[in-house]
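Dock chain W against the given chain P, drawing on the hints supplied.
If you read the protein sequences in the order shown, they are chains P and W.
For the first sequence, position 84 (counting from the first letter as 1) is numbered 84 according to this note's numbering, and the numbering increases by one without interruption.
For the second sequence, position 240 (counting from the first letter as 1) is numbered 240 according to this note's numbering, and the numbering increases by one without interruption.
Derived from the structure by calculation, the hints contain no laboratory data.
Certain hints may be false.
Copies of one chain are not kept apart here, so a pair can be met inside one copy or by any two copies together.
[What the hints assert, rightly or not] As a list, the in silico SDA-like pairs of lysine to any residue whose alpha-carbon atoms are at most 20 Å apart:
1) K34 to R212
2) K34 to L259
3) K148 to R217
4) K34 to R217
5) K34 to R280
6) K148 to E213
7) K34 to G210
There are 2 protein chains.
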Amino acid sequence: MSASLAGRKIVVIGLGLIGGSLARALRAAEPAAKIHAMDRSTPVLEQARADGTLDEWSHDPGSTCRDADLIVLATPVLSIEGQLRELAPFLAPNTVITDVASVKGAIVEAAQRVFGRLPPRFIPGHPIAGSEQSGYGAARSDLYRGRKVILTPQSDSDPQAVAVVRALWALVGAEVLTMDVVHHDQVLAATSHLPHLLAFALVDTLSQQGTREEIFRYAAGGFRDFTRIASSDPVMWRDICVSNAEAIIGILEEYQRELTRLRDLLLARDGGALLELFGRANQSREIFLAFNRGQPAKPSE
Amino acid sequence: MSASLAGRKIVVIGLGLIGGSLARALRAAEPAAKIHAMDRSTPVLEQARADGTLDEWSHDPGSTCRDADLIVLATPVLSIEGQLRELAPFLAPNTVITDVASVKGAIVEAAQRVFGRLPPRFIPGHPIAGSEQSGYGAARSDLYRGRKVILTPQSDSDPQAVAVVRALWALVGAEVLTMDVVHHDQVLAATSHLPHLLAFALVDTLSQQGTREEIFRYAAGGFRDFTRIASSDPVMWRDICVSNAEAIIGILEEYQRELTRLRDLLLARDGGALLELFGRANQSREIFLAFNRGQPAKPSE
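Chain P with its partners taken away, still in its complex shape (with noise of 0.2 Å):
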């Protein structure tokens, strides 16, 4: 198979918004592509196809893998594993494989446990896109427009596999780079787990308040940017969060003491220190949004 995507198979395994919403690209990028789907959903699987998405659907991984040039998961990180024992044994050996999970350590180990090894034609993948909201409902053909995909490919990885998936990501207008998979989680867990789980906490919290109508109606638009994120897909997240605990755990921990920190300035009402540290976190945004400027502003994990 060359890079070129042009009349070839490819079966999106997992119609939710990140799956849907690659489906809808490719339609719109490639008509020439043959865009096949798997999803335990009926209802959607219809609907996509009504819509021209998809021009075929099946519940039935034989019929659908068989002769397929590109496979993509996409359902939640733990429930990889079981699709890539179905599948297994319907695999030709020049299909090529790769995931969207925000996760990459375990989907590395996924593939071990069923394989025996990561197959050279399963290239791991990340796009670093998505929104609070969730399902094919919400799917947009310019979801991955402008966005970053992280590949985690292997010394052994096939070159060609790496341009397939390269060609895929390119073709719905995403910008594609490649890092090291532990570096890959940690830096998630930073950037996009932590934040998660801290508005996940904090509605959690408020929520648990005896006053929380009160507090809910007088919260206002900071809170609800902030806590936008806690509507996101729950599924989804507790899968991350057991996918990648040792990471989490290590930059919460480190969240945790500068919480501490911060307590006992305003137990000391050190108004001085707490000046330097806002100051700080001032600046240091400020160098985030230098970093991303150009990026669209669209909600994304």
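Coordinates of chain W only, in the frame set by chain P:
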């Protein structure tokens, strides 16, 4: 002074985002009001007169406040006591005073130290509006439209003065409510002060990682929204934290206990309990959104 502001002299002290937006909104809503201002920055005052917002400005509290009908204190919390001491000798018996601080207990105490008690015509107030931007350059005449303003009058407050302050905020499109001082400070600690602290702490924690540049490079929209409020004015937030430390420490400690529970669930890889917590937070945020349906989705504190 009747509740109408036409022809009345209104003095805004502090032409930052909050005071500047109020002056601009007043100018737009009541062209016949006489709007005066004091600010330590002469260029800002000149700019506000040049753009038509102000009728006059001065650095002299005597000439500015002697014949004021309404004085609005719009400088950071910790500067209010000094402002009141400067103004006190020049206050006419019928002048109404209000403020815009995010903390109300500290304002009442400052007034008690200066006047021996909260003067019956000093009606503390707090518009729940703002932005991570600051300064007169960010001021907008529509900042208060559709927003809530909480007044905290006391039992001996002058009803006519309360009516004047209500009229002020109604004129610029806000919804005016009243609340007990202590309760206000607790509700705001939970809904605004804590989220700001958490955002400052997150940006600060990540900026101390050795891989800071990479972390910022891969952080996307979710992180941007989550930390937007960490770009807020450090002096304002230092003052708020010092002035409302007790209430903030209370809710911060509850949040810290929640994070410790969360860390224990991660350590135990307890997917069931994590799913339950995320689902609960999901539902609570839906309740929050339902409470706030129809409010403009603008940044605010």
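Results of checking the hints against the structure:
| no. | hint | verdict |
| --- | --- | --- |
| 1 | K34 to R212 | neither (51 Å within a copy, 42 Å between copies) |
| 2 | K34 to L259 | neither (52 Å within a copy, 46 Å between copies) |
| 3 | K148 to R217 | between (37 Å within a copy, 10 Å between copies) |
| 4 | K34 to R217 | neither (50 Å within a copy, 34 Å between copies) |
| 5 | K34 to R280 | neither (51 Å within a copy, 40 Å between copies) |
| 6 | K148 to E213 | between (39 Å within a copy, 15 Å between copies) |
| 7 | K34 to G210 | neither (55 Å within a copy, 45 Å between copies) |
In terms of the numbered hints stated before, the structure departs from hints 1, 2, 4, 5 and 7, listed from lowest to highest.
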